[in-house]
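Novice: Here are the chains, one letter per residue:
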Amino acid sequence: MPINYYIFLSVALFCIGVSGVLTRRNAIIIFMCVELMLNAVNLLLVAFSKMHHHAQAATNPNAGIDGQLFVFFIMVVAAAEVSVGLAIIVMMYRNTHSIDVNFLNRLKN
Amino acid sequence: MNNVISLVWLIPVLPLAGFLVCGLLRRHLSKSLTGVIGSGVILASFILSLLIFGQVRQEGFQAVVVRLFDFISVGKLSISFAFQVDPLSALFLLIITGVGFLIHVYSTAYMHEETAPDFARYFAYLNLFVFSMLLLVLGSNYVIMFIGWEGVGLCSYLLIGYWFKNIEYGAAARKAFIMNRIGDLGFLIAIFWMISQFGTTNFIEIFTKAAMPKAVSTGVLTGITLLLFVGATGKSAQIPLYTWLPDAMAGPTPVSALIHAATMVTAGIYMIARSNILYTLAPVTQTVVAVIGLATALLAATIALKQNDIKKVLAYSTVSQLGYMFLGLGVGAYTGAVFHVMTHAFFKALLFLGAGSVIHAMHHEQDIRKMGGLKKHLFWTHLTFLIACLAIAGIPPFAGFFSKDEILSAAYEKNPVYYAVGVFTALLTAFYMFRLYATTFLGKFRGTHEQAHHLHESPSAMVIPLVVLAVLSVVAGFVGIPAAIAPDAHWLGHFLAPVFEGSTRLHPAAEADKKLEWGLMGISVGVAALGMIYAWSRFSRKPDLEEAQGFGKVLADKWYVDELYDAIIVKPINALGRFFNSFVEKSVIDGIVNGVGRLVQYGGRQIRLLQSGLVGGYVLLMVIGILALFLVELFTKK
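As you go down the protein sequences, you meet chains A and B in turn.
Note that the first sequence covers residues 1 to 109 in this note's numbering.
Note that the second sequence covers residues 1001 to 1638 in this note's numbering.
Because the hints were derived from the structure by calculation, they are not lab data.
Here the structure is a predicted model, which means the values were calculated and not measured.
Heads up, the beta-carbon is just placed ideally off N, CA and C, and yes, glycines get one too.
Some hints could be false.
Facing chain B, from chain A, some residues (calculated, C-beta under 10 Å) [what the hints assert, rightly or not]:
| no. | residue |
| --- | --- |
| 1 | V18 |
| 2 | R24 |
| 3 | I89 |
| 4 | M91 |
| 5 | N102 |
Non-contacting residues of chain A with respect to chain B, defined by C-beta distances greater than 12 Å in every case (computed) [stated by the list, open to error]:
| no. | residue |
| --- | --- |
| 6 | L9 |
| 7 | A27 |
| 8 | E35 |
| 9 | A40 |
| 10 | Q56 |
| 11 | I74 |
| 12 | S83 |
| 13 | A87 |
| 14 | N95 |
Isolated chain A (complex conformation) (with noise of 0.2 Å):
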């Protein structure tokens, strides 16, 4: 399959998880969009990795492995990240029975 067909993917995965945090107020559904960003370009990698390694793949199995290691990496730290964020989320919904990220203002004045 030609390389663009993974990049448009990604980029459409990319937008709409942009998309997605900018348009919604509710907290969990921001978090989903932002793993879909994450995962894009974890997509892109994996796609862009392969790609590089194209030539060496048939003497080498292991050709462009590292590429395809560092989404573990993005894999970890986004879970770390969930393990993080829904307990913040699950705090917030406890003092002001709410999920909506425009609640969080008290910080302000």
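Starting from the structure of chain A, add chain B where the hints point.
Specialist: Frame of chain A; chain B shown alone:
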């Protein structure tokens, strides 16, 4: 043999220690202890100076440089903190510490009305002054000399303004300091010029380099020496910077005697005598020095004719005598100038101390019109004052005669016009000194009844210095007997010969015609005697009590020089200052500063609105920022 000379650093350090002790412990020391410490350190310095003088006067003595430590070392330039011991500095050491000691002793009695802390402050300043002055004459390069030069200026300021609660005295102190600064700037520029020209500030190196044929152009030497002379006009009160010295009489009388008559004001003469070779190589500067000196001598003498404040007369006579010394330097009579410094130190210190004794007896009255007839009451003061007047008038065999005669005969050889003006000034000198003497001591007492009741001779701490100085004023002249009277009897000339060797080699002194010498001496003595007798007979019978009229008023008002300076320098500068203060400062500088402040405040108020607290807003801005970066990247690269 050199062990005494290697201790030369002790001479200035002792007064410095005295300054620190008196100054720091001024609230704890009693007056008598302060007096003992203050005078004792100077006495110790004097004894050391005597020992060093004994070494220096031995046959075959070579100038010694005692190096203490590196002071400034930058690149190729190295300025060390070193003292130079040679006949010139040894002679000045003796004058400074000797006269200084006598004046310290005198001060213990003169200042006894002060409270103990003020008394200690006075002695601390006086010791600091002696320290700076010793540094000035001992330094082996121009930088050390300059340190001393500034130090004596500072002490002069502090001591003129000693009674700082009096606003006028404070103004006089400021005037002295500022006028000195003008001269100091010239000196400083000369030092920098010498560094760039010779690469050193050491006396010995500069003088050898300058004396080498074709080493330095005459123009450069003229520039350097003129700038040095500007420094000397400030410190030694010559035209155009002389007006501070008469105002400096605001200080206590012993201060006037030590600083503004005997030592500090002769610093300029010392400096030029020290740099004599440079001046000999720059004939233009020599002429300038001679003319300025002569003009100052004449101008100050005319002003002194009509002054009625006992200290003002002496102040103008000091300016006038300093003018003589510069005349001597200008005509190449370096020995004569230094000789006159020495004799002048004795008789002028004596005159000031005598005046102090009179002021003391008259309860701080300084106007000679309210004195008169003091001869009966102040025996010693009167006697010593008379000796000093004879000495300054140039009556043989008193000291002033020999030194003044030496300068005048050298002036005659250079240019008879110099001689004529010099002799005329000598006439004026004799006249105003005996006007002062006759008005103060002869005739009838014109003070109040109460003053008459309290008239008394001063205590012995004041009388003994007077007597010592009087003896010196009588005998000091005999160290420089002119060749016409007795050949080879000019001891001082032989003593100082190594210092002025370079100059005498360039311009050997002409063999003086003996008949001419006698004639010149006869004229100057006759003229002085004429002035003296006329003034004596006129003012002892009918003292000049009315306010001066006509031309006399111009003289009494000092030729309006102060008013002139005020109009052409002080007022325009003040006006300029006011303009900068009211216009440039208020509207331009304040406008810029306040404008920047207002801009930042306004900007802050506007940008603050962006901080809405809405997370979505922040994210939107972030995305817009990222997109902007992308666009920039896209359109600027390649």
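Novice: All the hints need checking, so say for each whether the structure fits it.
Specialist: How the hints compare with the structure:
1. Annotation: interface hint on V18 (chain A) holds; nearest CB of chain B at approximately 6 Å, less than 10 Å.
2. Given the 10 Å rule on beta carbons, the hint for R24 (chain A) holds: about 8 Å separates it from the nearest Cβ of chain B.
3. Hint on I89 (chain A) is violated. Least Cβ distance to chain B is approximately 13 Å, over the 10 Å limit.
4. Among the interface hints, the one on M91 (chain A) is violated; its C-beta lies about 16 Å from the nearest C-beta in chain B, farther than the 10 Å criterion.
5. The restraint placing N102 (chain A) at the interface with chain B holds, with a minimum CB-CB distance near 6 Å, inside the 10 Å limit.
6. Every beta carbon of chain B lies more than 12 Å from that of L9 (chain A), the smallest distance being close to 20 Å; the non-interface claim holds.
7. Once the 12 Å rule is applied to beta carbons, A27 (chain A) is inconsistent with being away from chain B; the minimum gap is 9 Å.
8. Residue-level check passed: E35 (chain A) sits 15 Å from the nearest beta carbon of chain B, beyond 12 Å.
9. No Cβ of chain B comes within 12 Å of the Cβ of A40 (chain A); the nearest lies about 15 Å off, and the non-interface call holds.
10. Distance check for Q56 (chain A) against chain B: the nearest CB is about 30 Å away, which clears 12 Å, and the non-interface claim stands.
11. Every CB of chain B lies more than 12 Å from the CB of I74 (chain A), the least distance being 18 Å, so the non-interface label holds.
12. Non-interface status of S83 (chain A) relative to chain B is upheld: no Cβ of that chain comes within 12 Å, the nearest being about 20 Å off.
13. Listed as a non-interface residue, A87 (chain A) keeps its Cβ farther than 12 Å from every Cβ of chain B; the least gap is roughly 18 Å.
14. Distance check on N95 (chain A): its Cβ is at least 16 Å (rounded) from any Cβ of chain B, clearing the 12 Å threshold; non-interface status holds.
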